[in-house]
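My request is simple: use the sequences and hints to build the entire structure.
The opening residue of the sequence shown carries number 29 in our numbering; numbering runs sequentially from there.
I should point out that these hints are in silico values taken from the structure, not numbers from a laboratory.
Here a beta-carbon is modelled for each residue, glycine too, at the ideal position from N, C-alpha and C.
The reader is advised that the hints may include incorrect statements.
To be verified - Distance windows between CB atoms, simulated:
(1) 78 with 167: 13 to 23 Å
(2) 78 with 170: 27 to 37 Å
(3) 85 with 170: 32 to 42 Å
(4) 169 with 63: 16 to 26 Å
(5) 103 with 171: 32 to 42 Å
(6) 168 with 86: 20 to 30 Å
(7) 158 with 74: 19 to 29 Å
(8) 103 with 126: 25 to 35 Å
(9) 165 with 56: 13 to 23 Å
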Amino acid sequence: MTPASLTLDELIPPGHVFDRLRAADKSSLLLALARSAGEALGLPPAEIAAALAAREALGSTGIGAGIAVPHARMAALAAPTGFLARLDRPVAFEAVDGGPVDLVFLLLSPSADAAHLRALAAVSRRLRMPGVAEAMRTAPSAGLRAALLGP
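In structure tokens form, the structure reads like this:
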């Protein structure tokens, strides 16, 4: 598939799921995500962390209902790629509803183009569908990705 037509299944490879991720606060969560994503992609975690911090400085990517969708541009990538994380405990994230976050979808893209925006929209729509977040919160570790992707 071309980057413009990636499905959620393709956007989130099985190795891009982190369950019980530990973080004390928003800053440490973004660093943990950067480390995990950097290891998976072979990119410097410091570059990912800096890109995420720069995006968060524009406004929180906490979309409410315990969900955050941090995203950043990483020129070294060939196509958008996603990571799914369920936290071991919720953390304050400056979300739009003021609530803490326990589910995170990280999107890294080579550019902030139409493919990036389509991927963000698809993930946001799916996460806001009735029952999806609850299914993710209660799924066993091996079923976390499937709970997001659905039937």
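Hints, one by one, checked against the model:
Taking 13 to 23 Å as the suggested C-beta distance range, the pair residue 78 and residue 167 does not conform, at roughly 32 Å. Between residue 78 and residue 170 the beta carbon distance is about 33 Å. The supplied range of 27 to 37 Å therefore holds. For residue 85 and residue 170, the hinted distance range of 32 to 42 Å is satisfied, since their beta carbons lie about 36 Å from each other. Separated by about 19 Å at the C-beta atoms, residue 169 and residue 63 satisfy the suggested range of 16 to 26 Å.
Checked against the given bound of 32 to 42 Å, the beta carbons of residue 103 and residue 171, roughly 34 Å apart, stay inside it. In this structure the hint that residue 168 and residue 86 lie 20 to 30 Å apart at CB is violated, the actual value being about 36 Å. Separation of residue 158 from residue 74 is about 39 Å and departs from the stated range, judged on CB atoms against 19 to 29 Å. Range check, residue 103 to residue 126: Cβ separation about 34 Å, and the 25 to 35 Å hint holds.
Taken as a hint, the range 13 to 23 Å holds for the pair residue 165 and residue 56, whose Cβ atoms sit roughly 21 Å apart.
In the structure shown, a violation is registered for the earlier hints numbered 1, 6, 7, in ascending order.
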